[in-house]
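Throw the hints in and build the complete structure from the sequences for me.
Number of protein chains: 2
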Amino acid sequence: MTNGANAVINSLVESGVQVCFGNPGTSEMHFVAALDAVPQMRAVLCLFEGVVTGAADGYARVADRPAATLLHLGPGMANGLANLHNARRAHTPVVNIVGDHATHHHRYDAPLESDIATLGSWLQGWTRTATSTETVGQDVVDAVAASTDGAGQIATVILPADISWTSGGTVGTAVPPVPRVVPDGQVIAEVADVLTSGAKTVILIGADATRVDGLLAVSRIANATGATVLVETFPAALDRGAGVPGFDRLGYLAEAAQAQLEGTEHLVLIGTRSPVSFFAYPDKASDLVPEGAQVHTLVDIRDDVLGAVTALAGKVAAEHTATVQDRVEVDVPTGDLTLANWVQVVGAVLPENTIISDEANTSGLMLPAATAGAPRHRVLTLTGGAIGQGLPVAVGAAIAAPDRPVLALQSDGSALYTISALWTMARENLNVTTVLLNNSAYAILRMELQRVGAQSGGEKANSLLDLSRPDMDFVAISQGFGVPAVRVTTAEALATELTRAFAEEGPHLIEAMIPPLL
Amino acid sequence: MTNGANAVINSLVESGVQVCFGNPGTSEMHFVAALDAVPQMRAVLCLFEGVVTGAADGYARVADRPAATLLHLGPGMANGLANLHNARRAHTPVVNIVGDHATHHHRYDAPLESDIATLGSWLQGWTRTATSTETVGQDVVDAVAASTDGAGQIATVILPADISWTSGGTVGTAVPPVPRVVPDGQVIAEVADVLTSGAKTVILIGADATRVDGLLAVSRIANATGATVLVETFPAALDRGAGVPGFDRLGYLAEAAQAQLEGTEHLVLIGTRSPVSFFAYPDKASDLVPEGAQVHTLVDIRDDVLGAVTALAGKVAAEHTATVQDRVEVDVPTGDLTLANWVQVVGAVLPENTIISDEANTSGLMLPAATAGAPRHRVLTLTGGAIGQGLPVAVGAAIAAPDRPVLALQSDGSALYTISALWTMARENLNVTTVLLNNSAYAILRMELQRVGAQSGGEKANSLLDLSRPDMDFVAISQGFGVPAVRVTTAEALATELTRAFAEEGPHLIEAMIPPLL
Numbered sequence: 001m002t003n004g005a006n007a008v009i010n011s012l013v014e015s016g017v018q019v020c021f022g023n024p025g026t027s028e029m030h031f032v033a034a035l036d037a038v039p040q041m042r043a044v045l046c047l048f049e050g051v052v053t054g055a056a057d058g059y060a061r062v063a064d065r066p067a068a069t070l071l072h073l074g075p076g077m078a079n080g081l082a083n084l085h086n087a088r089r090a091h092t093p094v095v096n097i098v099g100d101h102a103t104h105h106h107r108y109d110a111p112l113e114s115d116i117a118t119l120g121s122w123l124q125g126w127t128r129t130a131t132s133t134e135t136v137g138q139d140v141v142d143a144v145a146a147s148t149d150g151a152g153q154i155a156t157v158i159l160p161a162d163i164s165w166t167s168g169g170t171v172g173t174a175v176p177p178v179p180r181v182v183p184d185g186q187v188i189a190e191v192a193d194v195l196t197s198g199a200k201t202v203i204l205i206g207a208d209a210t211r212v213d214g215l216l217a218v219s220r221i222a223n224a225t226g227a228t229v230l231v232e233t234f235p236a237a238l239d240r241g242a243g244v245p246g247f248d249r250l251g252y253l254a255e256a257a258q259a260q261l262e263g264t265e266h267l268v269l270i271g272t273r274s275p276v277s278f279f280a281y282p283d284k285a286s287d288l289v290p291e292g293a294q295v296h297t298l299v300d301i302r303d304d305v306l307g308a309v310t311a312l313a314g315k316v317a318a319e320h321t322a323t324v325q326d327r328v329e330v331d332v333p334t335g336d337l338t339l340a341n342w343v344q345v346v347g348a349v350l351p352e353n354t355i356i357s358d359e360a361n362t363s364g365l366m367l368p369a370a371t372a373g374a375p376r377h378r379v380l381t382l383t384g385g386a387i388g389q390g391l392p393v394a395v396g397a398a399i400a401a402p403d404r405p406v407l408a409l410q411s412d413g414s415a416l417y418t419i420s421a422l423w424t425m426a427r428e429n430l431n432v433t434t435v436l437l438n439n440s441a442y443a444i445l446r447m448e449l450q451r452v453g454a455q456s457g458g459e460k461a462n463s464l465l466d467l468s469r470p471d472m473d474f475v476a477i478s479q480g481f482g483v484p485a486v487r488v489t490t491a492e493a494l495a496t497e498l499t500r501a502f503a504e505e506g507p508h509l510i511e512a513m514i515p516p517l518l
Numbered sequence: 001m002t003n004g005a006n007a008v009i010n011s012l013v014e015s016g017v018q019v020c021f022g023n024p025g026t027s028e029m030h031f032v033a034a035l036d037a038v039p040q041m042r043a044v045l046c047l048f049e050g051v052v053t054g055a056a057d058g059y060a061r062v063a064d065r066p067a068a069t070l071l072h073l074g075p076g077m078a079n080g081l082a083n084l085h086n087a088r089r090a091h092t093p094v095v096n097i098v099g100d101h102a103t104h105h106h107r108y109d110a111p112l113e114s115d116i117a118t119l120g121s122w123l124q125g126w127t128r129t130a131t132s133t134e135t136v137g138q139d140v141v142d143a144v145a146a147s148t149d150g151a152g153q154i155a156t157v158i159l160p161a162d163i164s165w166t167s168g169g170t171v172g173t174a175v176p177p178v179p180r181v182v183p184d185g186q187v188i189a190e191v192a193d194v195l196t197s198g199a200k201t202v203i204l205i206g207a208d209a210t211r212v213d214g215l216l217a218v219s220r221i222a223n224a225t226g227a228t229v230l231v232e233t234f235p236a237a238l239d240r241g242a243g244v245p246g247f248d249r250l251g252y253l254a255e256a257a258q259a260q261l262e263g264t265e266h267l268v269l270i271g272t273r274s275p276v277s278f279f280a281y282p283d284k285a286s287d288l289v290p291e292g293a294q295v296h297t298l299v300d301i302r303d304d305v306l307g308a309v310t311a312l313a314g315k316v317a318a319e320h321t322a323t324v325q326d327r328v329e330v331d332v333p334t335g336d337l338t339l340a341n342w343v344q345v346v347g348a349v350l351p352e353n354t355i356i357s358d359e360a361n362t363s364g365l366m367l368p369a370a371t372a373g374a375p376r377h378r379v380l381t382l383t384g385g386a387i388g389q390g391l392p393v394a395v396g397a398a399i400a401a402p403d404r405p406v407l408a409l410q411s412d413g414s415a416l417y418t419i420s421a422l423w424t425m426a427r428e429n430l431n432v433t434t435v436l437l438n439n440s441a442y443a444i445l446r447m448e449l450q451r452v453g454a455q456s457g458g459e460k461a462n463s464l465l466d467l468s469r470p471d472m473d474f475v476a477i478s479q480g481f482g483v484p485a486v487r488v489t490t491a492e493a494l495a496t497e498l499t500r501a502f503a504e505e506g507p508h509l510i511e512a513m514i515p516p517l518l
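Residue numbers (this note's numbering), protein chains in the order written: chain A, 1 to 518; chain B, 1 to 518.
Quick caveat, the hints were computed from the structure, so don't treat them as lab data.
Misleading hints may appear alongside valid ones.
Identical copies go unnamed one by one, so any copy, or any two together, can satisfy a pair.
To be verified - Here are the simulated EDC-like cross-link-like pairs (lysine to aspartate or glutamate), alpha carbons at most 20 Å apart as the crow flies:
(1) 460 with 36
(2) 200 with 265
(3) 460 with 471
What follows is the structure in structure tokens.
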């Protein structure tokens, strides 16, 4: 007879989950022991839970199905929360299996005891504590279904050790997916009326509208109606490059976003929320909708975004085609690396179908323009603002798409949150090329220190935003984790090393020495 | 007029908080800007929040006063939770200042928005959200008082950015400390009766009873009554070595603890809880109190443990002195490193007054015996079982006691959780010597896989407990963070490098290649 752990793994597999990113402990040992009996489940060891959860996020953004995580009690889940927060903001389906003490052990309040469900509640997703070996298989099937409900959310099963080790587990019964709702004709007609009214209209898109099929429909709508299209500031997955309609993203800085939206009379939301400032600042607006503009929601993020945009295109743009980006070949720039030329190098050498995990932060401000005419690629962005996402997301993306190159554009400060992701890249021989943008500073905070109006310039204040003293050597760190690495200081060297890294199997890291924004 | 951030920092200083470990973001920029105006506050940058919170824990275990942390919204606090969990289990006072969005910004649910108070509640400490600039100074004073209430706990102030940046802050009014309760004479008399009854009695000690004054009193009691003394398995701070009474710790493995406690008729608890197994195992007891033994609590952890043990010694051992450990000089062993000889090297070369941050895990099983006769030292242990504590605690200890050597005994798997602590050691030029015990495995999990009775031996299961493929190079990683490092494979080389590291200023890392336990 199968034990609970075996039923959990088989229920995951039967629900379509094929990969488990894990960092197990004692309470997960029966799960670990049961893995070899289920060849359909791939287990990927990560050396910190923030890598586990970020990898699950990156995997699902590419594979369009959830991965499982395996986490060790409350502290293990706590370590994974920041990247689960990012996954929540990306509406990524993730299924957490969090091992817990045996049921009878809770009352002793052993050192690792804590209220795991509280951590689950922080994620505003779905959480259930397994209560018996007989029902845990169903708990897992329900969790997978919950994770993919609507646009996707975090689903957590708390799995007491005795439920894992007891015999009598059975695979849960499949839960039919809930069909996503398409807006009714009335909503579509109202938005169509707005778009064809002649008033200045901006369409802001997110969710499936930022993938190629959605972008093609949106482009047709824009061509038919003259509306301006903007992509939300931090899309979970944005397809772009040659052959794909190309739209600007709404700016991260409120001032930039306000300039883009100035004069808008109607703002149509398609799979995204009304735009707000990332942070509040003294005497600056939080709500970025221009005064007097009307906001119209075509479709909520949780509903059928692609169906809605397709229906709208059918209504207002039946005779119109989409405009796609031409391929623009650019020359490799030369000279010392700058904020402007490193992104041009990326644009010049990017292979077709690359997945970019973008945590370049301030160093990447000029990336979108420089890669607009590159071969078609997908960009995964930092959706929830919790840094340390980029390298783990790259791990997950590479496991989801072993045949596609993955390019992690990673700023130095953020990289350190989850730096051991490099080791998993090495162990799994993943085709991830990391460009580590070393500017020896929390450059974004230097900018923010000025923007919030704080008095600055003091020695202590500046030392908290400075990553020199000592300078870090990311080549050494990367090699220490088993990933071959090289440092470059010129654009031509970056191009050479990027080209080499894309051509060779397995992970590489290129430390690019660039000046800080400020 | 001073702003809220300034009032927060001055209120910390007025309450006796002199160090702030931080990893700030935009919402903390006014706090950062205000630091230079308050020279009494030292600000220490850590590159990940788990380092911030672990450092605050280590600082307070040595300084006997809380440090502040500076954390960035919910995800920043989430990243710090695991080491706050350890601090909670150590009853360490910690004051968290968690920056949040401006009050008026919450309703926009910006990307970094989350319910920070929920994370505070997980820690079972004290949490308050500041509601005005006028009162935030008092919130901070109250938080410091709460952190030191009883045995110590985690106190968290959630600080909205607008409360920081608005003018009108004032320093809070001092809160007189609540005196810790000494048990009444009746309780002391009852325990005295048990101890003098002739029945087989074990005294289990924790909290202040594991520091030198408490240990001296306990030793007198043991000498007078014949009771056996054991130290709790994971004390927050244990003084030991020459000149200090030396007692065994209760074993981590339930089997070992049960053997130590076998035949006990009375178990007297002094500043600790009744012993329980760290994890549950099939068909093994969770409660480690022997069948039929009576448990007596002399004093709760939250009350005046040193006062209680001193009163008890006065009652039962007025004529008795303590037995202290002799200094035992040992020779440096030779040959390839083993689990037995590396700890002998530590015992042979340990300088007087060293603070040991012990996260050696399975590699350190023989450490206590090997260092028993070493010069007096203090050991800080992994109180809550959440790995990744050792290096951050060493950072905090070194800042609390700049004149004492700090020795971090760190296992490889656990080190990676908070490896960037090395950079803070380098920046602050801390006298921390890290012995990185590299056995290329989660060795404790190999043991636990067997202990839980899980079927093992499968390739996938074993790969999840294996840290080779690729092997990590901690010398490279350490150098990458700016800490000089060397690898050793023999006992004599370890002795040479340890001696050199203790003699030189600043941080060092010694990667000791040792065999795994299993």
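Going down the list of hints, with the structure as the test:
Taking the closest pair of Cα atoms, residue 460 and residue 36 come within 20 Å of each other only across two copies (6 Å); inside a single copy the shortest separation is 53 Å, beyond that limit. When the C-alpha separation of residue 200 and residue 265 is checked against a cutoff of 20 Å, the pair qualifies only within one copy, where the shortest distance is 5 Å, while the shortest distance between copies is 85 Å. With identical chains, the CA atoms of residue 460 and residue 471 are at most 20 Å apart within one copy only, with a shortest distance of 18 Å there and 39 Å across copies.
Violation of the numbered hints given earlier is absent; every hint is satisfied by the structure.
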